[in-house]
Amino acid sequence: MRRTTFVGLVPLLLLLVTGEATAHAFLDHAEPRVGNKVDAAPREVTLWFTQKLEPAFSTITVTNAAGQRVDTGKTRVNGNQMAISLRAGGAGTYHVTWRVLSVDTHTSDGNFTFQVGP
Amino acid sequence: MSTRVLHVGLSGLAIMLVSPGEGAGHEIVGNRFFPATLGIDDPGVNDELSIPTVAAFKTGDDPSFKQRDISGEFSKRITEAFAVSFGVTHSHLSAPGGLTGMGADGFQNLETTFKYRLFKDPVHEFVMSVGLSVEWGRTGAQSVGAEQVHTYEPTFYFGKGFGDLPDTLSWIRPVAVTGQIGYAIPGRRSTNTFGVDPDSGDPTVDTELHPRVLNWGGTVQYSMPYLKSAVIDLGLPDFVNRFIPLVEATLQTPVSNTFTSGTVTTGTINPGFLWIGNGFQIGVEALIPINRQSGTNVGVIGQLHFYLDDLDPRGLGRPIFGSAVPPATPFARN
Chain A
1 MRRTTFVGLV PLLLLLVTGE ATAHAFLDHA EPRVGNKVDA APREVTLWFT
51 QKLEPAFSTI TVTNAAGQRV DTGKTRVNGN QMAISLRAGG AGTYHVTWRV
101 LSVDTHTSDG NFTFQVGP
Chain S
119 MSTRVLHVGL SGLAIMLVSP GEGAGHEIVG NRFFPATLGI DDPGVNDELS
169 IPTVAAFKTG DDPSFKQRDI SGEFSKRITE AFAVSFGVTH SHLSAPGGLT
219 GMGADGFQNL ETTFKYRLFK DPVHEFVMSV GLSVEWGRTG AQSVGAEQVH
269 TYEPTFYFGK GFGDLPDTLS WIRPVAVTGQ IGYAIPGRRS TNTFGVDPDS
319 GDPTVDTELH PRVLNWGGTV QYSMPYLKSA VIDLGLPDFV NRFIPLVEAT
369 LQTPVSNTFT SGTVTTGTIN PGFLWIGNGF QIGVEALIPI NRQSGTNVGV
419 IGQLHFYLDD LDPRGLGRPI FGSAVPPATP FARN
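Residue numbers (the numbering used here), protein chains in the order written: chain A, 1 to 118; chain S, 119 to 452.
The hints are simulated quantities; they were obtained by calculation from the structure and are not laboratory data. Ideal placement from N, C-alpha and C gives every residue a C-beta, glycine not left out. Don't take every hint at face value.
Unchecked claim - Short, incomplete list of chain A residues facing chain S, as computed with Cβ under 10 Å:
#1 L27
#2 A30
#3 V34
#4 D39
#5 N64
#6 Q68
#7 N80
#8 Q81
#9 G89
#10 S108
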């Protein structure tokens, strides 16, 4: 039993040790940072994920406090990074909603806010 | 012919009741990642391997004795929403445990769980599943308390994240609760064991009653990964952002056929933490008995848990039938 268990564990341990393991793409960090306040409205929102992304089905939308979209609609994906440009906006709370397809075929999504103001 | 009620059977029941169950699985629902928990099962369905889960505690028997369990569980999705898991536990009972009072070693009964995810609501971070667990009688060692009858346990599981709270309560958004309630039904109401009284030579029959037991429990979790990715990035070290402190409760209440078992609820409260790695997680919890019948000391449980769907997404970590990924419809909710 113990030998069987060990043999079964070897591939898993190899996957971890060699860094070959992949996983769901989770949001690692963002700019502007999640839940933080910036002085002026940013020109773009950039998200970094824990895995590389498939550009075709990875998207971001950004809305202002009134629920109006303030992004330009075109998400750029590069490796594990995704960004979208914003139109000029004012102070207030901005909502970022993202959905990604990682290269290992897992989908994940999420949302957060950041504030603009003095 | 005299009839005696076997207290050995009750001792076995006590071991079964006090032994921590195995948690398994992790489920992603919108922003929420429901990790595998050690005391109760998580509310979702996934491809998982928990090995090993190690627990050490003192039982609620009188006299109490030390017990060490080493267990493993493998869960495999058949379809995206339906999985089957197999669990095995090896127990070491120190003296005065076991049938002879000299301690014992052996495997508990094999367990199989069939689980189906009924509903998932990403917006409200809510998920619920139903399952049927079967403990296969006579597959384990009687000396460590393994029952000689099959036990069937229909179970309901749920999980709810608080990510839908308003901005004014944003610090509570990383909180999630999960729970399960199951009704364990032994295949027989009682077992008779025939023998001969050594003093009188008269034939005897020992009757062991098998009570029906409500197994229930829950968790309260605070997810640091959730805090960082969905509420506020405090700039904490990555090591800290991977912790999920939690408190679990695993409780058992005999509710039927309880003439010899009584109806006292036993169980433990388990404060501890999970640490989420890339493709695996580590969990450690204390086992605090809720009363004398549940144990005499604080125990401990630890687990190494692998997310097979992350480690091998195109092989072992995908459902046998159907797609692991629902059709990608960008911004389906917008």
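Do the hints match the structure? See the list:
The interface hint given for A:L27 is met, as the beta carbon of that residue sits about 4 Å from the closest beta carbon of chain S, less than 10 Å. Interface restraint check for A:A30: the shortest CB-CB distance to chain S comes to about 7 Å, inside 10 Å, so the restraint holds. Checking A:V34 against chain S: minimum C-beta separation of about 4 Å stays under 10 Å; hint holds. Look at A:D39: its Cβ only gets to about 17 Å from chain S, farther than 10 Å, so that hint breaks.
With a least beta-carbon distance of about 14 Å to chain S, the hint placing A:N64 at the interface is violated under the 10 Å criterion. For the restraint placing A:Q68 at the interface with chain S, the shortest Cβ-Cβ distance is roughly 13 Å, beyond the 10 Å limit, so the hint is violated. For A:N80, the suggested interface contact is broken, since its CB lies about 13 Å from the closest CB of chain S, more than 10 Å. The closest approach between the C-beta of A:Q81 and any C-beta of chain S is roughly 15 Å, which is over the 10 Å cut-off, so the hint fails.
At its closest, the beta carbon of A:G89 sits 18 Å from a beta carbon of chain S; the interface hint therefore is violated under the 10 Å criterion. Hint status for A:S108: holds, given a least beta-carbon distance of 6 Å to chain S, under 10 Å.
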